[in-house]
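Q: Respectively, the protein sequence lines represent chains A and B. Reminder that position 149 of the first sequence reads as 149 in the numbering used here, one-by-one numbering, no gaps. Reminder that position 185 of the second sequence reads as 383 in the numbering used here, one-by-one numbering, no gaps.
Just so you know, the hints here were simulated from the structure itself, not pulled from any lab data. Where hints are given, some of them may not hold.
With beta-carbon atoms standing in for the labels, derived distance ranges [as the list claims (entries may be wrong)]:
#1 A:R36 - B:N209: 21 to 31 Å
#2 B:E376 - A:P72: 43 to 53 Å
#3 B:N209 - A:E3: 38 to 48 Å
#4 A:N37 - B:Q350: 26 to 36 Å
Residues of chain A placed beyond 10 Å of chain B at every Cβ, according to the derived structure [unchecked claim]:
#5 S30
#6 A31
#7 M58
#8 F63
#9 M68
#10 L71
#11 T104
#12 W168
#13 L180
#14 W183
Remember, it's a predicted structure, so these values are computed and weren't measured experimentally. Glycine included, every Cβ here is placed at the ideal spot set by N, Cα and C.
Okay, here's what each chain looks like letter by letter:
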Amino acid sequence: MHEDMRALLSAYLDGELHGTRLLEMKLHLSACESCRNELKELRLVSDLLQAAPDPEFMPAGRFASNLMLTLPRRTMRDLPPKPGSLVWWLVPGVLLAAWCFVQTVFTLTGAVTAAQISGLLGSGGQETIWFAAVTSLFGSQAAPAQPALSLLNTLTVTGTNLLDGFLWQALIVLLYWGWLSVWWLMRRPRPMKMENAS
Amino acid sequence: MAQPQITEDENALIEQAQHGDRNAFGELVTRYYPGVVRVVYRLCGDTGLAEDMAQEAFLRGWINLTSFHPQSSLRNWLYRIAGNATLDVLRRKTEEPLEEEAAQMYPDPAAGPESALIEKERVALLQHAMHSLPDAARSVLILREYGGLSYQEIASVLDVPVGTVMSRLNYARNRLRELLKGQLLQLENDYA
């Protein structure tokens, strides 16, 4: 017990004991003259160290001025990563994935449409609103014009699909270039003060 | 010495310095230089070397400032850099600068020639006793007595557990107590 307390005398002196340990130390000190004397001597040592005079150092202002002359320039490579920089790297990845998705859908749609036109998928194909309306309104009366109407319907469906695909790709390209522009603006270095000091 | 409060102003200065603002870094240097040079001086016992090491520490600080985390203490970070740089130099040095340095410390002349002489010798004894301690114990003692760091902060600076800080500090003070007890008494007797 006595040796345990002795090992904590320095911590007690520095006010680093808390709770139960502090209470135990106070109780022990009230009963142990040897530890009280040792604590007194430790305090003297601490006072002696802190009373030792400091030499005169270079004034802080002059030191800072001298130091400024020796500082190397900070390069772009040294700049800290901005918070949320991961997002900046995720954006192009997400856009690329979106482009791949749209491109795949577009290609598959084109393939399905082409298969429908060539009759590989049977007679049931996509119908535009106007084609469905004409067929239901005129029925057998429109039979002579059926091949021409069917062709027009197929062309309309294919054209719509093409336009959809183009619009989606255009949107993704615009987003991509927009992201690149913002990223470039954010990466531009801030002007450095005292640049000529080095 | 209390832990300086990390203000928004200081965080702003650190951020500006991290982005290359030399004026902001200069302001931080002015704030922390006195503490850093004092701690380094107590480690090496040489004024010139202490100023050189402080310069080295701030230079390394500037170069590596981008890796500094603003939520931690810049003071402790600088103490760590300065302490490591100083101990590296001391390990490489073969000569002992203590006697020359002790002679440079002039005590208060108004205290009288005899008191001045005692004070001078006391300082020299203290320096010698300090430098007889192992580096690990001396670093802890200096960071506590001259840096004013808490045990937790010392543990963080030296990257050791708090328990190790406690035992090293206890060892250092007890060793100094033993060394100085006889020598200081001898000194008092010599001039009695």
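Q: Are the hints correct? Go through all of them and say.
A: Evaluated hints:
1. Between R36 of chain A and N209 of chain B the CB atoms are about 45 Å apart, so this pair departs from the stated range of 21 to 31 Å.
2. Distance hint for E376 of chain B and P72 of chain A: a CB-CB separation of about 47 Å, consistent with the stated range 43 to 53 Å.
3. Between N209 of chain B and E3 of chain A the beta carbon distance is about 45 Å. The supplied range of 38 to 48 Å therefore holds.
4. In this structure, N37 of chain A and Q350 of chain B meet the distance hint of 26 to 36 Å, their C-beta atoms being roughly 29 Å apart.
5. Every Cβ of chain B is farther than 10 Å from the Cβ of S30 of chain A; the closest lies at roughly 21 Å, confirming the non-interface assignment.
6. For A31 of chain A, the shortest C-beta to C-beta distance to chain B comes to about 20 Å, beyond the 10 Å cut-off, and the non-interface label holds.
7. The non-interface label for M58 of chain A is inconsistent with chain B: the shortest C-beta to C-beta separation is roughly 6 Å, within 10 Å.
8. With 10 Å as the threshold on Cβ separation, the claim that F63 of chain A sits away from chain B is violated: the shortest Cβ distance comes to roughly 5 Å.
9. Separation of M68 of chain A from chain B is inadequate, the least Cβ-Cβ distance of about 6 Å not exceeding the 10 Å criterion.
10. Interface exclusion of L71 of chain A from chain B breaks down, the closest Cβ pair being 5 Å apart, not more than 10 Å.
11. The beta carbon of T104 of chain A sits about 42 Å from the closest Cβ of chain B, which is more than 10 Å, so the claim that it is off the interface holds.
12. For W168 of chain A, the requirement that its beta carbon stay farther than 10 Å from each beta carbon of chain B is met, with the minimum near 39 Å.
13. Every Cβ of chain B is farther than 10 Å from the Cβ of L180 of chain A; the closest lies at roughly 23 Å, confirming the non-interface assignment.
14. Under the 10 Å C-beta cut-off, the non-interface status given to W183 of chain A relative to chain B holds; the minimum distance is some 17 Å.
The structure shown violates the earlier hints numbered 1, 7, 8, 9 and 10.
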